[in-house]
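So the protein sequences, as listed, match chains F and A.
End of the first sequence sits at 291 in the numbering used here; the numbers just go up one at a time, nothing left out.
End of the second sequence sits at 291 in the numbering used here; the numbers just go up one at a time, nothing left out.
Simulated from the structure, these hints should not be mistaken for laboratory data.
This list has only true hints and no planted wrong ones.
Some chain F residues judged to face chain A by a derived CB distance under 7 Å, without partners named:
#1 D4
#2 G9
#3 G49
#4 G80
#5 R84
C-beta atoms are modelled at their ideal positions from N, C-alpha and C, and glycine is treated no differently.
There are 2 protein chains.
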Amino acid sequence: VTTDLLFEGVHFSERTTRAADVGWRAAAANLSDLAAMGARPIGTLIGLGLTPETPVNWVEELYRGFTECADPHGAPILGGDTCRAQSRSIAVTALGIVAPDRVLKRTSAQPTDVLVVTGTLGDSQAGLEVLLDPVRYRESTESDRARVIEAHRRPRARLEVPDLLWQVSSRAAAMDTSDGLADAVLQVSGQSGCGAVVYTDRLPISLPVRRIAGARAEDWALYGGEDFELLLAVPASVAGALLEVLNAAGVKGTAVGQLTPGAGAFDQHGLPLRPPTFEHFTGQKNPSPAS
Amino acid sequence: VTTDLLFEGVHFSERTTRAADVGWRAAAANLSDLAAMGARPIGTLIGLGLTPETPVNWVEELYRGFTECADPHGAPILGGDTCRAQSRSIAVTALGIVAPDRVLKRTSAQPTDVLVVTGTLGDSQAGLEVLLDPVRYRESTESDRARVIEAHRRPRARLEVPDLLWQVSSRAAAMDTSDGLADAVLQVSGQSGCGAVVYTDRLPISLPVRRIAGARAEDWALYGGEDFELLLAVPASVAGALLEVLNAAGVKGTAVGQLTPGAGAFDQHGLPLRPPTFEHFTGQKNPSPAS
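Given these sequences and hints, build the entire structure.
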């Protein structure tokens with residue numbers, strides 16, 4: 001069971017996120033948490049805080065986006081609560097089921113484990129940048145812009161990955177990249193009592209992101225959040241097999257690093273990875289979705 | 001599984017509710033929902049929206065109040081989420097367990113069933129009134145005021161009632177009185193396809209509430225919310241036995257009405273019960289906790 005809050009002005013704004021996308025992303029964030037625990041979704045609850053000025057259409061669109069994301073994964077809305085509030089918010093609780101020996105944790109990685117990440121990174125950050133500053137990116141192709149905006153608005157949880165993982169590995173640690181790859185590496189390595197090295201020249205970055213980000217591509221791939229990809233740590237002996245089953249299933253898999261006996265997470269040059277810059281109570285990731 | 005949202009300015013305010021009481025009441029509201037479904041709590045998740053100005057002490061007190069209410073019922077905090085928000089809010093999800101044949105619903109009442117309510121009614125409303133307008137109630141005894149304020153700040157979920165109920169009845173419908181007795185009667189009767197009559201001269205009203213409310217006692221008992229008592233509908237043949245086991249267990253039980261073959265809920269004079277006046281999106285119950 002997992003719960004996640006989204007607040008207008010913090011996690012979404014009228015400027016970059018339509019109601020249907022707020023709903024979709026709220027569903028995706030929670031389904032991604034289930035995927036990171038190895039669980040199959042069984043249902044959700046939605047707690048909705050609404051201002052009196054909120055148009056009914058906004059609420060309908062929110063639910064439409066939510067169900068578009070959640071329904072194909074067999075996660076019906078089971079209930080919830082709706083209240084008046086001073087700003088809009090959505091609190092989602094998702095319930096999932098997983099066999100006890102198939103629970104994925106952040107704590108079960110070991111030194112020499114290989115770090116594999118699904119999909120590509122930085123796409124959601126790129127989409128947000130384009131939405132926030134369209135003038136700056138007007139030279140980009142419409143197709144590139146559309147690709148990253150779609151990635152930002154309609155991220156997909158990697159619910160298919162745990163089954164693929166267990167086909168080839170008997171041990172794994174996992175976390176999603178909702179707060180960025182660097183954060184996931186820091187969490188998994190730290191909570192497993194290991195260090196980590198990330199080969200930043202091997203990060204999976206799509207061509208549209210490379211073209212839009214330019215010199216910032218690596219930064220967005222490491223620190224951009226909300227791609228909802230999965231970071232997996234598996235024994236080195238099965239890493240090759242994992243990449244094969246992921247790629248065969250149409251989930252791009254990339255070995256981006258390795259766990260070490262030390263402490264701390266570094267890139268291949270020995271520079272430490274930064275913890276996430278998103279600080280809930282002192283400021284915001286720059287640029288902010290609400291700015 | 002049940003979820004419930006509380007927003008500052010809507011459900012609580014600095015003026016009437018200390019942080020520890022916000023936490024206690026958030027726990028009680030959710031535990032009460034579990035009790036109304038016949039479930040035993042197994043854990044909770046807390047989603048906390050906090051403004052940057054919120055003192056750390058406020059958060060610590062909130063958790064203290066929450067655990068003071070939930071811990072004795074075996075409902076540990078299992079997880080949650082904490083976010084920056086434009087106003088404070090708390091979204092609680094509670095998980096419970098109940099055997100399939102012991103699930104309490106609102107839909108299973110039948111005509112001639114007797115309506116039994118636990119405890120006394122109007123206490124929380126009386127406490128709120130005293131907190132909002134202390135000058136008006138300065139003639140009341142300090143003991144009366146303390147009693148109703150405590151009832152408002154520290155309501156108790158009736159988790160012990162389902163077991164007592166199933167000792168004497170093989171069929172029951174139930175709902176809690178979080179939005180008032182009248183609402184519970186309207187919901188249970190309406191969702192069971194029945195009508196109902198409530199004998200307003202038999203409502204269980206404590207002496208402190210009678211003294212503080214004066215002529216409004218009956219109104220507060222019918223329409224005041226957040227007492228978190230349970231309304232039970234049971235076959236008339238077991239109503240006497242139910243009152244006996246409730247009273248023997250120290251849970252006051254009172255037969256306050258009966259279900260009818262008709263539609264609509266009325267008092268003994270044939271006057272219809274009003275639906276709750278608390279309208280989330282058009283206004284607030286009068287007087288409001290936030291006014």
